[in-house]
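Chemist: Each chain is listed here by its residues.
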Amino acid sequence: MEDRIERRDQEWRKELRLKTKGRERTAIQRAEMPMMDPLERVHYQDREVNIGLDLNTAGQEATRCMDCVNPECVTGCPVNIDIPSFIKNIERGEILKAAGVLRETSALPAVCGRVCPQEKQCEAHCFYLNKLKKPAVAIGYLERFAADYEREHGVAEVPEIKKNGIKVAVIGSGPSSLSFAGSMIKKGYDVTVFEALHEIGGVLKYGIPEFRLPNNIVNSELENLKKLGVKFEKDFLVGRTSSFEDLKEEGYKGFFVASGAGLPSFMHIPGENFNGIMSSNEYLTRVNLMNAAKDEFDTPVFKGKRVVVVGGGNTAMDSVRTSKRLGADKSMIVYRRSMNEMPARLEEVKHAQDEGIEFNTLTNPVEYFADEKGHVSRVRVQKMELGKADASGRRRPVPIEGSEYDIDTDMVVVAVGVSPNPLVPSVLPNLKVSKRGTIEVNEETMQSSIPELFAGGDIVRGGATVILAMGDGRRAANGMDQYLTEKYGK
Amino acid sequence: MNEIIETGQFSEKVFKIVVSAPRIAKSRKPGHFIVLRTDENGERIPLTIADADVKQGTITLVVQKAGVSTTKLCNMKPGDKIADLVGPLGKATKIKKVGTILACGGGVGIAPLLPIVEGFKKVGNRVISVLAGRSKDLIILEDQIKKWSDEVVVMTDDGSYGHKGVVTVGAEEIIKREEINECIVIGPTVMMKFTALLTKKYNIPTQASLNTVMVDGTGMCGACRVSVGGKTRFTCIDGPEFDAHQVDFDELILRLGGYKEEEKRAYNAYLENQNK
Ligand SMILES: Cc1cc2nc3c(=O)[nH]c(=O)nc-3n(C[C@H](O)[C@H](O)[C@H](O)COP(=O)(O)OP(=O)(O)OC[C@H]3O[C@@H](n4cnc5c(N)ncnc54)[C@H](O)[C@@H]3O)c2cc1C
Ligand code: FES
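Line by line, the protein sequences give chains C and G.
FYI, the working numbering numbers position 490 of the first sequence as 490, with every residue one higher than the one before it.
FYI, the working numbering numbers position 43 of the second sequence as 533, with every residue one higher than the one before it.
Bound conformation, chain C alone (with noise of 0.2 Å):
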């Protein structure tokens, strides 16, 4: 807080704010995006959707950026990155030192810049928007080009570290994760990662498509956590091939679990173990973890022509775009609410749009429906209207009765939810954790019941995004570093 008032102050920024008139700033128009074209996208499930700003459209979109006394952008951002800061950072040229800022608080800076919902986030708080009634400005598209610009131009500098020779053990390697082990070994532990599949990366590697995220930006973070000497180990699932007793016996004296919400739900209706009938999960591991889709790996997997997904999350748009780029004829989305109450990222049910997928929405599946073979052929869906709203502040959903009509279909997705990991909860009795089977912690350090057990991410809140994921592992370090530095010593 008061560093990034103190910065506010430095002479450069005040210049920089006087440079340009207000309105002159107000007078711009907010960047596009540049992207590819829809038609030709949908061909390539690799290749990556958005292209990304250029220098010079970079630093226009930065000079709309009002530099507020009080800016609310920052309220908005889980992990309260000082977003004035890095944005006028890049108004001036200095890209390095605007990524240096997103660094303090953020592990994953080129990540986030494209999956974060900046629309429900900071974006939402810009005066911009809420002052000016005008398209806010693009800190998503921002935080993007300043990290994509490190990565490209930077040299990663590999700071001294003095190291302690605590050994801490981490469990899971998604964002949560990594981001723990990145301030864990800048403090000086001995870091290893442990992750049950085979490739590191957690829902980044697994989940999200190479279109919307490309393997090579979490590939370049993991090889600057291994310069820094954070280990990994891969195919290994704590609690079954070692258990956290025989960790302890190799020295392990930390354990940071973040081993996410990764098991699928499903609605359980009639039909819904039929052949071409599977959860995102699958789906989407197969494709993206798997390279099912290329000839030259063995992992199979469906090619609908008419592809029903089911559900209205970030899960639900990239299976529904995935299975259009493995040219299905016809895609569609199928939800029981309405657009506006939709989880997913604003742009990701947009690019859905511009590449043709169809929209059912207020519509739910009751029964499928399968050839001779056990395949699926039909699903059967009713129709709904939207009543009170519920716990999570939607309104809920209410079928209509005697709506129902059937839709043709030869796969179908479902993405309706995941809940939390059960194999580390299940291994130790003593861990608390509530009735969803997420584990409970202390908010501001991170730490469960076991002291020297600390967790986040998806495992903590339940399926949720990844700055929070991210902002959890920082937070656990901090936490984790001060109990082991009270029990252990410097």
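There may be inaccurate statements among the hints.
Taking lysine to aspartate or glutamate pairs in the DMTMM-like style, the calculated list, with each CA pair at most 20 Å apart, reads [said to hold, decoys possible]:
(1) G:K519 <-> C:E245
(2) G:K516 <-> C:E152
(3) G:K581 <-> C:E245
(4) C:K234 <-> G:E668
No lab work stands behind these hints, which were simulated from the structure alone.
These numbers were taken from a predicted model, which means no experiment stands behind them.
Given chain C's structure and the hints, the job is docking chain G with the ligands onto it.
Modeler: Chain G with the ligands only, in chain C's frame:
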């Protein structure tokens, strides 16, 4: 790690592979399985752990050449490295003293049955094993099973070895002869289905170890889901063993056929490549 230490062959299509995996060897219990990927382009396939040697730090897999992945694996030699190997996965068999156990194994299912038979015997049960296969050379590990069984009955479809007939014929004779307290069955799904029907008739609690399509093996995808007692369960984390009388085997058989065409295509492409 993941290095193949030893290979062997039981029959034309059934191979034994001993892999270095010290942590898994130490942690595994009867009933556990692993998931492996032979190479960077391979798929993730589940295989039950047939045996383990903690001192040597190895686990033993028994594999039947069936599709691309198992063929690749069976063609590997000592010194080769398996790209990825993770485990032990699944829930271990609940082994306790119940009296008399009837252990039915079919084909390669005999391999995962071995540690279970051993476990039940070691806690003091009377163990009767029925081993079944299409013909003589598909009956594997008979001597090892014998070591931990009070009696072994061999059944072959063609009568080339032991008694002629399917597993249920041999099993029913024993059930009629003496009191069986629990049955365990591992083998082809059709065989497990009929064994379950038989033991249900005689009210014998029965566990079946299911073989389903899997991807991750850690509960993340649901590819392995089965209906047990009308509820959807994930074989990789809730199983692989379930109450055989509750399993919807017909659905399971349909689901196993789900990727048949894709698999056949992949296998033919693989063979073609090999012959080039
Ligand atoms: C398809 C999809 C799209 C998404 N899109 C967005 C988006 O656009 N924006 C956004 O903000 N969020 C998005 N999310 C949500 C976001 O990805 C998650 O909130 C975030 O990844 C959670 O991070 P995490 O570190 O808690 O766990 P995860 O990323 O889930 O990683 C957990 C890892 O732990 C491993 N693991 C589990 N148990 C063990 C164990 N016992 N031992 C070793 N390893 C273990 C798992 O294999 C997994 O790799 C999306 C999610 C999905 C599935
Ligand atoms: S194999 Fe993926 S959930 Fe069981």
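Chemist: Work down the list of hints and note, for each, if the structure agrees.
Modeler: Hint check:
no.	hint	in the structure
1	G:K519 <-> C:E245	holds, 17 Å
2	G:K516 <-> C:E152	violated, 45 Å
3	G:K581 <-> C:E245	holds, 19 Å
4	C:K234 <-> G:E668	violated, 49 Å
Violated hints, in rising order: 2 and 4; the structure is consistent with all others.
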